[in-house]
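*Asks:* One-letter residues, chain by chain:
There are 2 protein chains.
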Amino acid sequence: MENPSVKSLVARRSKVLSQHSPLFYDQPLHLVKGEGVWLFDYQGRRYLDVYNNVPHVGHCNPRVVEAMRQQASTLNIHTRYLHQNIVDYVERLTATFDLSLSMAMLTCTGSEANELALRMARHYSGAMGVIVTDCAYHGNTEAVAELGTAFMPDSKTTKRVKAFASPDSYRGLANVKEKDLADAYGSQVQRAIDEFHDEGIGVAAILVCPAFANEGLLDLPKGFLENAVAKVRRAGGLFIADEVQVGFGRTGRHMWAHQQYGVTPDIVTLGKPMGNGYPLAGVVARGELIEQFSQHAMYFNTFGGTPVACAIGMAVLDVLEHDNLLENAIKTGGYVKDQLVALQRRHAIIGDVRDQGLFFAVELVKDRQNKDPAIDEANRVINLMRNHGVLISTIGKYQSILKVRPPMPFYQEHAELFISTLDKVLQIVDSETPL
Amino acid sequence: MENPSVKSLVARRSKVLSQHSPLFYDQPLHLVKGEGVWLFDYQGRRYLDVYNNVPHVGHCNPRVVEAMRQQASTLNIHTRYLHQNIVDYVERLTATFDLSLSMAMLTCTGSEANELALRMARHYSGAMGVIVTDCAYHGNTEAVAELGTAFMPDSKTTKRVKAFASPDSYRGLANVKEKDLADAYGSQVQRAIDEFHDEGIGVAAILVCPAFANEGLLDLPKGFLENAVAKVRRAGGLFIADEVQVGFGRTGRHMWAHQQYGVTPDIVTLGKPMGNGYPLAGVVARGELIEQFSQHAMYFNTFGGTPVACAIGMAVLDVLEHDNLLENAIKTGGYVKDQLVALQRRHAIIGDVRDQGLFFAVELVKDRQNKDPAIDEANRVINLMRNHGVLISTIGKYQSILKVRPPMPFYQEHAELFISTLDKVLQIVDSETPL
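From first to last, the protein sequence lines are chains C and A.
In the numbering used here, each residue carries its 1-based index in the first sequence increased by 1130.
In the numbering used here, each residue carries its 1-based index in the second sequence increased by 1130.
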C-alpha cells in the first residue's frame, strides 16, 4: 500500500467527498491497521483506542472475521428465502431481554432501527409526537435527524418533536433542590405531552438512550425515568430505548443499559457494536407491536438479517460470552473509575466523573463552584491525548465532557496507559490554563 | 449444520420475526449454499438464480470474499479517520459518471441513499414536493416509504408526494394516440408541478428509476424523460435517478441506466449490487449539492464508506471489468431476448417482451387485444419455475410481468436452461388456462 502524505490524501478526499466531510482531531489520523484495542497509523505509530465502541470485541477480532469469511463463502441472501442463521440469532438475541420483548426486525444501521421504531410507535399510537432530550442524536435519516436536538439543524423546524432538559444530577436546574430534581425534569416531560395534546399531534413515544450517553452519561435523579415513562404511557405513547451506543454489555452489570431501571421498554433499538463493524442493527420489541406493524407495512430490508450479518452477530455474542467481557467491564471499569476519581483530586479541572461499566464521562469545568464548562480545554485535551497516542473524544451539550468508551477487551495494562497519559495531558492543560 | 424441516423452521421464524415477515413462493425455499448463478437448498437441490441482482458478480464471488476478509483482518473503522480506500473507491466510482457528477456520499442501504438524496434536494430547492410514478418503491424509511406508491400504505397519507401514470408505451393511455404518449404522460408531470405550486409545497425533485424497472421495465415514449426533467427543473426541482436496482452495468450498454437518455441527473442513488451483498450504497451528485448539504447537515454514517465496504466495492468493479460482464450482458442478454421473442410466438400469454441488457420483463396477458393482465397466471408461472429449479419473480402494477434479472455471470448455458424451463412451464400454464 502506498503511503501518500496526509496532506495530499486530505486534498483528494475533499475533492470527491467534499471539504465538509467530517474528520476527527486538528491533525487528522491516517490509519492503516487495527488489532484489539490498538490502532496504527501509516507511519507505524500505535494508538490506544479508548473511543470506538463499534469494534466492540476488538478491532479485527479473528473469530468475527472468520465467521464472516466462512458464511460469505457459503451463502449470503436476503430474508425472503428461509435461512437458519436469522432464526438462531434472533432467538439468542431476544433471550437476553425481558420476556415481553419477544420479537425482532433486523436492519443495517442504527438510523434504520430508530426509523423503524418511530414508524412502529406512530402506527401503533396513531400519534406523531416524539419526546427526546435537549442533547439528543439518534441518526441521520429525515425522521430521526428531526430528533437531533444536539446539533442537527432539521430538529429546529419540526412540530413532531419536543425536547426536555437533560436530567442531570450534576448540573441540576436553576432554583431546584436536589431532592426535587426528578419531579422538575419530569414536569418538563409532562409539559411536552400536554403541548402535543393541545396541538392535536399526540404522543407516539419518548425515545432516549437509557444511559443518557450523548447528554454526558448522566446520573439520573432517582425515579425520573420510571415516572417519565409512566406519564408517556398514560398519554398513549410508548417507551423506546435507544441502545445503539450503550447496549451489548457495555455497562457490565447488564446486557442492556435499560435493565438497570424499574421499567421495561416497549421497543429497543440496537446498532453500532452489534456486528463489530459490519452494518448490523435492529429493533427488539413487544411481539404485538412487530406483528401489527409488519402486517401494515410489508417491511423489507435487502441487507438486513442476511446469513452473513447473523453469523457475525452470533460471533460477537460468542466472544462476549467466551471472553467474559461483561465481567471485564465491571473489573477494569471499576479500576478506571477509581483512577479517574484519584485524578480528580489532583486536577481541579475535573468537575465530575461518571461511569457505567466501560463507559466514562469526565466532565471538565472552569471552576467547581460555578461548573462553567471547560469547552476549549476539553478540545485541547483530546487533541493532546491523540498526540500522546491515546484516542478519546468529547460529549455533552457543550462538548466539555471527555468521552471514554474503549472496545470491550480493554484490560488493566490499557487502563494504566490511559490514566497515566491523561494525567500527563491534564498537567499540560493545567499549566496552560490561566489561574 | 442441522437440517430442521422447513415447517419447524418457519414456525420458529414466525415466533421471533412475526408471521408477516415476507417469504417468497407458495413453498418457501430453505437455502444453504450459493455459487455463481446457482443456489442450493437444504436437501442439496440446485436452483438457477435468474432473480437476484444483489449478488451482482455471482453468489459468494471468491475475489469479493477475499477482499472482504483481507481488509476486515487489517482495519475497519469509520470515516472520521483518514483512510485511503474511500478516496480510491470514490475516485474510481465517480469516474464512471458524467463529469458534473463529481462527488459521493456513502451509506449502507439504498433506503439511506434515497433518504440522503431527498434531504439534499429539499435543502437545495427549499421545496418539499417529490414526483414519482404510480408504481414506485424507493425504500423503507419514513420519508422514502412515503414515495412507495406501489404498495406502501404510508404513501396514501402524505401531501409531499404526487404520482404520474407510469410512462408505458405498451399499455399507453386511454384515448391517446401512440405519437402523443410522451406529451400525455408529460402533462401529468406538469400537473403535479402545478398542484405542488398551488398548495405552497413546491417541487424538490422528480425521482425515478431510469429503467422504470419496478413499473415493468418500461419502454418510454421517446423524449418523455428529457421533457419531464426539463419541466421539473424549470420549477426549481432536481432530477434524482434511482440506480439502486439497475446500476453497475446491468443494462450492458452503459454503466448507469440513465446514460441511455439525453439528460444527466443532479443526483444518482446507488445500492443493491454495489457490494455484492455487503451493505454498501450511496449517492453520487453534483459537487455543489454535496458541498452545500454537508456543510448544512454534518451528515455522518457510522458504517458508510469504511475500509471494508470500499475494498468490497472496489473488488466488485474489478470483477465487472476483468470478467467483461457488461459485454456479457449485451451478448447473453441479446440471446435471451431473441429466445423470449421466439417463445412469444408460441405462447399467446406473452403480450410483450422488454429487455435492457441482463434484465427482462415478460408481460403476461389474458389476451393480446385487451392486454388484461394475467395476474394469477404470472404467480403460477413463478411458483412452477421454482418447482422446476429456476428462480424468477414478478413486477409491475398488477404483478403480472415476469421479472427476470440474474446475477451478471449468466452465460449461454444458463440462458438455455432458463428458456427451456420457461417454455415447459408456459406449456403447463397454457394447458391449465381456460380458452
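These are calculated hints, taken from the structure and not from any lab test.
Predicted model only: the values in this text are computed from it and were never measured.
Do not take every clue at face value.
Copies of the same chain look alike in the list, so a pair counts if it fits in one copy or across any two.
No farther apart than 25 Å at their CA atoms in a straight line, the calculated lysine to any residue pairs in the SDA-like style are these [stated by the list, open to error]:
#, residue 1, residue 2
1, Lys1145, Tyr1465
2, Lys1145, Ala1293
3, Lys1163, Ala1304
4, Lys1361, Arg1290
5, Lys1163, Arg1222
6, Lys1467, Ala1293
7, Lys1163, Gly1353
8, Lys1163, Arg1193
9, Lys1352, Arg1222
10, Lys1554, Val1136
11, Lys1289, Gly1330
12, Lys1501, Arg1193
13, Lys1163, Leu1447
14, Lys1501, Ser1138
*Asks:* For each hint, tell me whether it holds in the structure or not.
*Replies:* Here's how the hints hold up against the structure:
no.: 1; hint: Lys1145 / Tyr1465; in the structure: neither (45 Å within a copy, 42 Å between copies)
no.: 2; hint: Lys1145 / Ala1293; in the structure: neither (37 Å within a copy, 36 Å between copies)
no.: 3; hint: Lys1163 / Ala1304; in the structure: neither (48 Å within a copy, 63 Å between copies)
no.: 4; hint: Lys1361 / Arg1290; in the structure: within (18 Å within a copy, 33 Å between copies)
no.: 5; hint: Lys1163 / Arg1222; in the structure: between (32 Å within a copy, 23 Å between copies)
no.: 6; hint: Lys1467 / Ala1293; in the structure: neither (31 Å within a copy, 58 Å between copies)
no.: 7; hint: Lys1163 / Gly1353; in the structure: neither (45 Å within a copy, 52 Å between copies)
no.: 8; hint: Lys1163 / Arg1193; in the structure: both (17 Å within a copy, 21 Å between copies)
no.: 9; hint: Lys1352 / Arg1222; in the structure: neither (32 Å within a copy, 55 Å between copies)
no.: 10; hint: Lys1554 / Val1136; in the structure: neither (27 Å within a copy, 62 Å between copies)
no.: 11; hint: Lys1289 / Gly1330; in the structure: both (11 Å within a copy, 18 Å between copies)
no.: 12; hint: Lys1501 / Arg1193; in the structure: neither (45 Å within a copy, 56 Å between copies)
no.: 13; hint: Lys1163 / Leu1447; in the structure: both (24 Å within a copy, 24 Å between copies)
no.: 14; hint: Lys1501 / Ser1138; in the structure: neither (42 Å within a copy, 60 Å between copies)
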